[in-house]
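Enquirer: The chain contents come next:
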Amino acid sequence: MSPETLIAAALILPLIIAAGIAAMGWSPNLREGVTFSGAGLLFLVIILLTMHVAGGERPELNLGQAAPGLSLAFKLEPLGMLFAFVASGLWIVNSFYSVGYMRGNRERNQTRFYICFAIAIFGAMGVAMSANLFTMFIFYEVLTLSTYPLVAHKGDAAAKRGGRIYLLTLMGTSIGLLLPAVMWVWVLAGHNLDFVQGGLLSHVDVSPAVASALLILFAFGVAKAALMPVHFWLPNAMVAPTPVSALLHAVAVVKAGVFTIMKIAIFIFGTDMLEATPAREFVLWVACFTMVVGSLIAMTKDNLKARLAYSTIAQLSYVVAGAMLADPAGWLGGSLQIAAHAVGKMTLFMCAGAIYVATGLTNISDMKGLGRKMPLVFIAFMIGSMSIIGLPPFAGAWPKYELMQGAIDHGNVYLSLVLIASSILNIAYLLPIPLLALMPPPGTKEPKPFKRPGGAPMPTVVAPLITATLCIILFFAVGPISKFLAPTVGDRVEYIAEGGQP
Amino acid sequence: MIDAIMNAAPAWALTHAAPLLVMVPLFLAPVLALVPNGRIAWLISIAATGISFLFALVLLGLVQTSPIGVVSYEVGRWPVPLGIELRVDALNAMILLIVTTIGLLASVFSWPTVTAEVRKEKRALFYSAFLVCFAGLNGVALTGDAFNLFVFLEISSISTYVLVALGAGRDRRALPAAFNYLIMGTIGASFYIIGIGFLYAATGTLNMHDIATRLPELAGHRSVQAGFAFILVGLGLKAAMWPLHQWLPNAYSYSPSFVTMFLSATATKVALYALIRFLFTIFRPDYGFEISAFSSILMPLGIAAMVVCSFQAVFQTDVRRILAYSSVAQVGYMILGVSIGTTEGLSAGLFHLINHAMMKGALFMAVAGVVLTYQGTTIRDFAGLGRSAPWTMTAFAIAALSLIGVPLTAGFQSKLQLGFALFDQGLWWAVGFVVFSSFLAVIYMGRVLEAVFFQPPVNPRKARKEAPILLLVPLWILALANLYFGIAADFPLGLARDAAAAAFGVEAFR
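Quick note, the sequences are listed as chains A and B, same order. First residue of the first sequence: 1, per my numbering; consecutive thereafter. First residue of the second sequence: 1001, per my numbering; consecutive thereafter.
Next up, chain B with everything else stripped away, as it sits in the complex (with noise of 0.2 Å):
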């Protein structure tokens, strides 16, 4: 399919993919805030994201098919490291079809949800701002600057908390939600840019490229570390990393159905990728207060993470709270991942990055319907649903099993590799708690699920009552990728490795 597309791009597509990903929805989304009805802007964001999708496929191939496994753009055609360098390599390539794909799905699907939820006058500008959001998360997948990073880092983060905030029409509760998210946000981004400060300072360049080159002679510098440190709290908190994860549940819980599926495929996703480029390219894994780092922060962090989350996920009667917290605890499954810092580590954690995006897609995705048609996300509420809603509640379930990690679906496969890499560095003890942390899993998903197909629905006047097919269509197809890529899991592994491989700096095309 890559190929495909790659011979039926025209020339301008392949050289200018990279900014063009960004720019598409950018430019949009203004033209969004003017339009008058709100289907025309649904139209035009389905075909902004379906652009970049493109493109990002586009990239994808430019990327498997170049000698050095870069791409590189000079914006402007200002040179690096002065300008502003767009640098595509494999880990890149793997976020942005990530991005795309989730952004396709979800502005498809978002158009019931957000008639619902969503008051007339405010959906153009909810496009919008959804658009800037997408674009912003390309632009930090995309730069190969560390300061233009943050920019794009704001712009997709503030758009953000405007969108968290139109969840008020539904649930006052999205107002103070956003308004922590706004600061919580805010400080991770304050420290994200003193620690560039410092980084700044010790080498006088931020083109992360050009700071990775530098950085071994200076590595021994404490502004160097300093600024580690600072970046490392700071995109810690903007990917939800156990303990600075306090603005997510809140956030996931009250803003629109939409949005919450959207973020929690990508947002923390693409800050995830962030820390990954600055603690395994412009750091390297064999400095001395990066391994200690690893070693005493992220990996009891990460598995802190798994365990506590999960527990905190087992007392929730929100369906969204219990994703909400369950998604915490899979970061720390990546993180976990990250933290064994050798390549297969970094491909477990990157592998259960894109499994993860594709489970908690397809199961806020049938929360939105379940919000849609029944208007309640307790467990109560999903009572009997398995009867009423066979077809969303299957894919519900479908998603649900690959999240504990069943054999033959998604989930099991990343497990399974996380538990490889754990084994192969002798962490035995820390399977233990993968595993501890997966039978939590069972406890609250099963709880979940027993209610849609065990109990009796709690108002059994309610007929069958099924999402809209808009609805339907993206969510089978996250479902049956769960299924598909628990099969036979060759893609979604082969990028992960190439992706690691690429953060690592080693050539591992094939």
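Here chain A stands alone, though its shape is the one from the complex (with noise of 0.2 Å):
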């Protein structure tokens, strides 16, 4: 199939599944049958595409005009690529989880939340593969619209609060801060929005003030990419089932937003606009002060899924320091941990979900010595807070690094310290969890027995496993994933691929 036809491929498919859990409804069986061939097949197709792109190729697709001069077109570019990727190979793995996890809980509604789910990864396909900042805008906004419902799930008081609140502030966000911004982009770029390696506006004369009020504009208009103080809408989205803060809260949704982050900072503005911008140091710092914040805030929650969601956003920040070190190291350090936070956080969500379907326990104190029972579910969880925190042999060692190495090359020292403080910070809220579970101090009294006869369901287990597994063998993979990122995130890359690995 030519690449063309792949990328159309990739945005038809999870229309089609949608479409088919819809016509798949009465038979549950059926439905996630649907949902399971629907999802490897859109991996295949991925697989498929990253291979074209790996040999070099940068495959096009034009859907048409929406308007004279605003087309909606893709464009595969690594970086992009990496995203999809991701998304849409963690799908199978959430899939097979979510099917243990829904009838587990014996939720309600199951087929609208396959379908909106279905619709989310559209979106973000949509975004991964965008060619300019229209495209991306809407399918931005796709993945907002599509992944309310599933937020606002559950329809009790407090799931709706949450569901407005995140309708609202993303919403908000994107339509009063991203979309200005990108009208003033279309026009400081003589009518044009494409994604331009090197940057769209880098031969634009720009005012340093201007191009301050664009960064900061576009920095707080992606509010899925949880800076602080627009990130309040993430704790708030955990009122959803675990699936979909496991994928959507960890992966898609999020990485979504520090992607398109990236995106903005490498093809909209380019390494020398971006230097050029005072206001970089200042969503730098931004970046650092969310980071640090979010860990103790997290240190302080007890609610596990709270907890989890301080910590996302603390680490998406990483993405978005690195975006501003306008350069390679760091570029390649905020792409890394779109993948590697994705894996990390992911094993953790799915672990809390399993928690709380065998037990209906939330909170962290209810959990010591809960290990002992489940022990499996608790060693996924140690090796997902390890790659969290930054320790080798996980894959959440090779970002951290990176980004260091990029901001002492760069000169933001300071940084360096944040990374490091945020490690130790990760380690005194994260590492407690499993390990007082697994090696309760003594005089801890037994967990009560499993709420649900048999404990967690089996896929619940299981995905955490391979997730966690994935952590190991992503951080022997780094070198492949550097080189392939490469053309997208500068030259220099390679000789820090290769020379700068231990």
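The set of hints was computed from the structure by calculation and includes no laboratory data. Using N, Cα and C, we set each Cβ at its ideal position, and we do this for glycine too. Take these hints with a grain of salt, some might be off.
To be verified - Only part of the chain B face toward chain A is listed, based on derived beta-carbon distances under 10 Å: (1) V1434; (2) G1446; (3) I1487.
Hints given; two lone chains; assemble the complex.
Expert: If you want it as structure tokens, here you go:
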């Protein structure tokens, strides 16, 4: 198949899956069959596309103009490919997990749930493959709208409130800040919104003040990247069922946010202009602030999902900080973080969900000694935590390493110190959870028997083990990934990828 | 589609399309008054608006194929400038297309709501008044004569007062609303005619094209400037430009549902068209007094409308009043687009005009459906309707999202174009107001949508009760148009761009 057909397939497949799920709603088994086969097919399409991109091709697909000059167009490049790869690959694992979780929990409206999930993946694919800001904006909003029913899935007062905050914050910032920024770029770039290697605005004479204003509009307009103070939708979105938190609020939605920022930094601003933008330093500061404060708030949370949510906020800022470093090492670190954090945080969320299905527990303080009854889940949690912290040999080690290298190369030494502090905080709020569960201090009460007879359903245990394994595999796969990303993040990366490895 | 109609149209239709657009409804109106049966009157009015719609398409085709982009018709073969000229370019053709499309959809859907809201013996008269109003609006959009425009404006307005007053069958407050509208509308018309008087005194002609050619040497003339001021206020009143909009909320809330829907999508649009015609074709945006009018009157007023009326909409409890205030706010967007004074700005304003006709038409149609089945228009009455009337309310939601400006809807496209035009002129602060007004739209439409989809019904005994099919079909045509033109905006945006170019007197045809 030609790459153009593959791009079209990657977009249409999720929609066909959504339609198939709707048609098969009467039979849960057939419905799940549609999800699985569709997700597998989508992943296959993405793998084929990745091979094309790795071979140096840049396939394009233009669906036509929405209005003169504003075309719905798609163009693949390594960074977007990485995002699409991560999202579609983890969708398979997550679907597997969802089946166990949703059935084990006896959730209602499961058909609507799976339909919205498929449409959300459609939005993520569109964001990943978009060739210009307009297309990206459209799919960014598709992602927001399709995930709103998922957040409000339970339909009780808390879920509705969380959903409302979710929708209003994401829509408000994107229409209020991101959209004006897009319009501004359109005018500055002479009626053009394409992503151009080296920066769309690099050949335009933009004053530092305007560039600063644009950068700030982008940084806070993309609220999915959860920079403080536009981060609060994420903890509120935790009312969603855990599979949603796992795939969307650790992978697809939030990664779409940081991916957008990365893409804007690389393809709209470009190294030189970003370097010359005074607000770059400010956004970098905000990212550092978010890292530290997010981690500090996470420490105070006893609810496991809330703690993970604040941890996500802190970790997302790694990518933003990487984007703001404006050099290949920073960009490489940020890009790696998109993949590394995805597998790590997804593991943690899926473990949290498995614990909830089996025992009904949501608070960390109740989980002491629970590891004796659910050892596999807590071992997976342990691996995920260590990856998030950034210990080798887990995936999270590389982005941190590259970011520090970029920070030192670039003279922003304080960023390395913040990253070290963030690691220490990560240790403080993540490691005690599996450690206390697996090795409870003497005198801890025996945990109560499982609420659900038989404990966690099999898929909810296997799925986190898969992603935990991925955490380890990703550590060793960093060389090829860096080479794959080199054309997007900069030429010097290959040197870094090879020479920088111990 | 236009090509096919052009080929199928007989020769007489091609030559006489312009006058027939007015004549067909105008001559059928008295016939309707004599028809004893409301249902027959309804069918005739569908036929009249349908024929007019075809004529509008023919005119659009003629204009687009004409080498100079203008179709001129001398009424009674009296030579221009002495006789009345009907002069159609891309701008009028676009407006005529909107008016006739909405007129056709409105008359199709009208029967169930008219039977419910208008007394039996008045139904035929009601349709008669509607056709007169329709003919008047077409006339305003067709004519190339400044005084003739006044005549048609009054024909449409007077029949509108009647239509609004007929809402008294449902709510007695329709009578003061109609009286209020009558007074305000007459003041507007008087201002307009005084302005025309000044222009006539200065130029000695009433033909618009003629005035335009004679004005450049008289631009410094006091009476020309006074005429400009009177016309601006008079037409601004008719177009519900803030703060001259006071007649609108009551007139929209208490008139019969069908009238609200028709007026909101056409009447203010046609008045705005006349204003644009004067601002861009007769007067020119490069006259000093007009530049200052743009920057110090129209732009602040447009922004004030966007912000103030959106705020007022937030605090209403009646859905029709919410939509009425929102209409004034949307007129503000159009005025803002016009006041930029560039072709991009004008085309963005006109593009929003098209989209607003589609979304407000759909919204008021859905409200009419609710009035029909549940007899209430407060937000409380809307509670839980998402479950009992899913088709009506899904269309309502689509149009509401379009009104807010959510991506993939028509409203998003026009706000995007407006933003582009504003940034182009460095008016980035105005974009801030546009965005802020959209936020307010999120709030006021969000209140309704939340009641519709998330609140339990007030009276749970009311089972599933959908609006009749006659209402659902036009409603969904408009709702789907909102979605379709949100994804592929080429057709309406092309119309708006051609219209803006024509208003500036630039030839912009492909």
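Enquirer: Compare the structure with each hint and give your call.
Expert: Structure-based check of all given hints:
Because the smallest distance between the Cβ of B:V1434 and any Cβ of chain A comes to about 9 Å, under 10 Å, the interface hint for this residue holds. With a least beta-carbon distance of about 8 Å to chain A, the hint placing B:G1446 at the interface is held under the 10 Å criterion. Evaluation of the B:I1487 hint against chain A yields a held restraint, the C-beta minimum of about 6 Å falling below 10 Å.
This entry satisfies every hint, going by the numbered hints stated previously.
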